[in-house]
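Chemist: Once you have looked at the hints, place chains L, F and V on chain U.
Number of protein chains: 4
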Amino acid sequence: MTKFANRKGPIRLGMVGGGKDAFIGAVHRIAARLDGEYELVAGALSSTPDRAQESGAALGLAPDRTYDSFTAMAQREARLKDGIEAVAIVTPNHVHYAAAKEFLRRGIHVICDKPLTATMAEAKKLVAEAEKSDALFVLTHNYTGYPMIRQARAMIQNGDLGAIRVVQAEYAQDWLTEAATGKQADWRTDPARSGAGGSTGDIGTHAYNLACFVTGLTPTSLAADIQSFVPGRRVDDNAHVMLRFEGGARGMLWCSQVAPGNENGLSLRVYGDKGGISWCQEDPNKLWFTPFGKPTQLLTRGGAGASAHAARVSRTPGGHPEGYLEGFANIYAEAARAIRANREGKQPASEVIYPTVQDGLAGVRFVDACVRSSTRNAAWIDLT
Amino acid sequence: MTKFANRKGPIRLGMVGGGKDAFIGAVHRIAARLDGEYELVAGALSSTPDRAQESGAALGLAPDRTYDSFTAMAQREARLKDGIEAVAIVTPNHVHYAAAKEFLRRGIHVICDKPLTATMAEAKKLVAEAEKSDALFVLTHNYTGYPMIRQARAMIQNGDLGAIRVVQAEYAQDWLTEAATGKQADWRTDPARSGAGGSTGDIGTHAYNLACFVTGLTPTSLAADIQSFVPGRRVDDNAHVMLRFEGGARGMLWCSQVAPGNENGLSLRVYGDKGGISWCQEDPNKLWFTPFGKPTQLLTRGGAGASAHAARVSRTPGGHPEGYLEGFANIYAEAARAIRANREGKQPASEVIYPTVQDGLAGVRFVDACVRSSTRNAAWIDLT
Amino acid sequence: MTKFANRKGPIRLGMVGGGKDAFIGAVHRIAARLDGEYELVAGALSSTPDRAQESGAALGLAPDRTYDSFTAMAQREARLKDGIEAVAIVTPNHVHYAAAKEFLRRGIHVICDKPLTATMAEAKKLVAEAEKSDALFVLTHNYTGYPMIRQARAMIQNGDLGAIRVVQAEYAQDWLTEAATGKQADWRTDPARSGAGGSTGDIGTHAYNLACFVTGLTPTSLAADIQSFVPGRRVDDNAHVMLRFEGGARGMLWCSQVAPGNENGLSLRVYGDKGGISWCQEDPNKLWFTPFGKPTQLLTRGGAGASAHAARVSRTPGGHPEGYLEGFANIYAEAARAIRANREGKQPASEVIYPTVQDGLAGVRFVDACVRSSTRNAAWIDLT
Amino acid sequence: MTKFANRKGPIRLGMVGGGKDAFIGAVHRIAARLDGEYELVAGALSSTPDRAQESGAALGLAPDRTYDSFTAMAQREARLKDGIEAVAIVTPNHVHYAAAKEFLRRGIHVICDKPLTATMAEAKKLVAEAEKSDALFVLTHNYTGYPMIRQARAMIQNGDLGAIRVVQAEYAQDWLTEAATGKQADWRTDPARSGAGGSTGDIGTHAYNLACFVTGLTPTSLAADIQSFVPGRRVDDNAHVMLRFEGGARGMLWCSQVAPGNENGLSLRVYGDKGGISWCQEDPNKLWFTPFGKPTQLLTRGGAGASAHAARVSRTPGGHPEGYLEGFANIYAEAARAIRANREGKQPASEVIYPTVQDGLAGVRFVDACVRSSTRNAAWIDLT
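Chains as they are written, first to last, in my numbering: chain U, 1 to 384; chain L, 1 to 384; chain F, 1 to 384; chain V, 1 to 384.
Chain U with its partners taken away, still in its complex shape (with noise of 0.2 Å):
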């Protein structure tokens, strides 16, 4: 029996993190917003209670459901007969498994931002949280919500590439090229708040999980050569990555935080035996596919080439292009379905799709494999 099986209407959400000069709790929140199934009506912004308060205030909640700690708002909030429903966890990595733990257990359904967890041994104890738990789970790698990788997805499922042979992943930044200071490279770069990986936990693990989404296949094993190459930098800031899947396939995954040029180049190409794929998170509405021996088609989001799966997660005619935001927004609105399904007691339709704490595992695991690879001259790690 589901806790909210009697709720009606928009669903009504809370916040732990994400005060004052957070990047990723803004943006939560406007992909809270864009579709109307959210209302934000209680937070734990902050750790700083001060900060807690002028967060709340800033936000137009209400000075009772503006909380100090996130034990005080899971616990008031489960009792409330309009509590939250759910709660969108941006912290640092450090806080996730805490934080989503008080909630799993009272039943209130979980979006977490990723990395799973700063550790494994976290990751681990909150998949077993979220597998106990009759709430859902939901982990925002938000670029699988863009709208043309759901369609690659499709298409891989279909054989439109036949049997994939090369996996190639990146994801590309610049801001860490020279010794960064702030609030986001602070934490960023610190493994008691990042955990052992900077770029492969903050920015591989989206490579990782991308490539995993859209070819379908599982990773059995890698080898890594990962490096610090800022000065002083306590965490990785490039990763050098050979993947091994299973059925034969093998990839590569390069991860940087110190490639100028660079703003948020995550990009992923798939190479099967009947074609091939490329698509980039910086021009997200097209995706180039060769089916072997024919021309290359660019496929658009809302055009000729659009499937069913792009438009179910799209807002606008082809053209008009849509970005990060949306694709984010995207993972809130699967997850508003599965939470309205769970309402009625019932599964979401087959074709919602949102990242899973089992997503968040492969996540921890893969910086955890880079990490000890790397500490063994790149030697290959199990991942199964």
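Think of the hints as simulated: they come from the structure by calculation, not from any bench.
Hints should not be assumed to be uniformly reliable.
If several chains are the same, the list does not tell them apart, and a pair holds so long as it fits within one copy or across any two.
What the hints assert, rightly or not - Cut-off 27 Å, straight-line C-alpha distance, at most; resulting in silico cross-link-like pairs (DSSO-like, lysine-lysine):
(1) Lys294 - Lys183
(2) Lys132 - Lys81
(3) Lys346 - Lys81
(4) Lys274 - Lys183
(5) Lys20 - Lys8
Modeler: Same frame as chain U, now just chains L, F and V:
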């Protein structure tokens, strides 16, 4: 004294038009939601009562605030204590004037889709209504909301391009390449509802507005050769226009709805004696800038070359593409800033920019001039 | 009976113009060498005797075949047993007619740079000379030599685009943004040497020729608004032109030499009722093709979608870019095929295509019409 | 004392291989012709006598200089007063060593296609032969001839990128996606003729050479995971390689011949602590340069940002694309400069650069290391 002097919190919004199957109404609603500044509380969503009620229910509007006509809505909402503070008018063009008038006369702010009206006569009357009203009038020439368009405008104002010589604007689509049917094609090719212009009104006005907005130049005359290529079509589906501007700059504008391979190919290139810029709507986060005699620079939204003019209408870091909906939402955000200032009897900050009723009049005049010029074998028509 | 009935082997070539510091002469020489079909053996490389001798020596010409004037060269070479079979005329425009006449009258084939002449009167006289000569006349509208341009033309002939409706041609440069000096700028902005057209003659003729070549359409009239933006410039440096074609198609042509950020931005887009194509000179190995209602295809030279029309003027596999010089060399290769057929008193194979003296006349007429139209406030000028 | 101390004029060239249906022989001939520096006068164009004669006749070679074997050619040409001064070796890889030796021992300069040889043993012997010969040895790693590659190298030498950290090189093709037949596929997938490497030898060596050429870095070790995806293929058709360089830079190299949608997708990206660059062979006139913290610049061959290093190997103004053949011809032009200096017993000017026999040895070592690493489960192989 403004009608809403005591209002606080989100702006209560009504909508005229935008019922089931409408395209632009849904866009306006997303744009209104994105930043959390508006709350949709009332609607006259269709001129067909059943459809109006059905559409209102689907949007979660209260039944007593779902109206069968914009007149009824204007009358009742104006009397409600918590009545709407602003209305979005998203009907076919021929309804804009009559609807806007009802709200302007009652001090309710109007956010109206473009083109302003279907005829010059209506356009002039609407200008008069807007000018005598205390309420604001905002026209959704949404492309002016793109951050890099704001930056381009600021660069030109700053003299980065020197004296402007040449302006090349175009907006190409292909969706009307064949005789089209369906709700969207239907009214947009019916002169009684769209006005005398087809492609000129629907998209040419966007290109024309964008060229003027970015360059700051005043067009003085145009010569147009317009066509209706599809047999039986009653409005133009392609137009070639030569432009002359005050100060001697010259321009060309091409709009077409019969150009296969173009989805929403709105682009603008401006050349001065010190440099040139180029921008395309389908890749809106990039602005190409060439200072004469130096390498071309790729300025990106959020990147190293982005200015405060772009930043203030941005929501995410560089490399995370923002698109059509964010640009549209920026018009709503600017309108919200103006409305909030209006509550306090003030002007908004000087950097707040939105298209006005005068821009709308200029757009209708553009369509009118294109039609008249073409009738006279592309003779020059005065625009001043 | 052709003058060179018994010739075998490479075609002995002379050159008029193209001495030290010339730009286009060097291009012609590379184009002639590239396929090994020509052997440069004589030259009247400059009208200044010292420079003529010096330039001839630098190119390894025999001193007795380095002439001080084209008249001397024509007279002597025509009498030599192993005299030149063809001459390349690469002087400023005002010399084309006088030089070409000398060789045509002696049965020596002429390969002449564009535009054909500096004036309409000369153009007509040159047509008459060419028509009464047994020798061939080839005009180097070199962009017609690009493989994907050949393919585009063949596709349109084949009906792949259906009935053509819209033609958008442009050629934008920036090198004359400021008052320029130097050999190239000097004569190209001097009406006595370049003719009445500046940008219209130098580059507009290329865009015009390309549009006609690819579409196969016959222009019937044009309306032009031409400008000389740089103070003191005696010829146009920017032109906006509207075009009407037989059968109802319409077009726009923009040429400019004052558009910062454009190097040699020659592009062509053509739209019919069944599809559209787009091509840019700066990326010439790609042709974008959209069959209406289907995804856009990227056709590449040497790729899966390339036809025999592209292949016969290609030298390397797909993905190995061929450029300007190869396209130029294709004109020389086509001329060589025609000259070899001429040796045997035959017509070349039907697929051999090169720009003719009639194309040259059409180009000069285009310039003349632009100038006259602009003088008459962009009135329509008949081109038939 | 050089053998050709008294020679003047064009360099008489012989060719080994390159008969009918050969691909790269024709490319070498165009490259040799393009600047008029060479004259092809002799050939051992095929190991099949009939085909050798037929091919020689088709190229206009004198019958007595059309040889049935490279040995016969080397012997006789070395004795002729006007014998060849240089020979181009364009056979399958396994013939390179035996052929080159014959000419080097007779003081005839060798211009040899890559990879240097089919085996490490041969490569070392060829290095020894080249080092004890007075003749020059030039390896046609033709991509080093591209102007913007020259510029990139010069920029890195100049410190524009700071200390290099990351090198991403790739060369992707698709022509061997399926089991292929035909002359080209045949020998390139036969280890007896191509050597142990398939894609690694044919294209991986190009990417590897380019990375080293541009960065100036010395690779110290590599780890490779190579595959033969097509059933029955005896050489690799895909390779993933991790690279380590002296000084701490790291790199990745991917080469593939089974990546549908890639024609000749050779690309190089280099990142240092002060900036980054990106270049693609299929669009070779552009070099993207990002000084860290500033906007990305588009540097074009012949454009405002092009340096003298690019200009000295350019033939046309910016915006007139130069391509594969011009880049290839630049190797021949550099070789010609060296050969001319050699005639006078001098070294060529310091800016003259061409790939040497040592570069060839490095390439064969790269292939050998890839194969050995892959056999040992991607263990690191020392390259020093």
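Chemist: Take the hints in turn and mark each one as holding or not.
Modeler: The hints, checked one at a time:
no.: 1; hint: Lys294 - Lys183; result: between (49 Å within a copy, 22 Å between copies)
no.: 2; hint: Lys132 - Lys81; result: within (24 Å within a copy, 49 Å between copies)
no.: 3; hint: Lys346 - Lys81; result: within (22 Å within a copy, 41 Å between copies)
no.: 4; hint: Lys274 - Lys183; result: between (47 Å within a copy, 23 Å between copies)
no.: 5; hint: Lys20 - Lys8; result: between (31 Å within a copy, 22 Å between copies)
Checked against the numbered hints given earlier, this structure breaks none of them.
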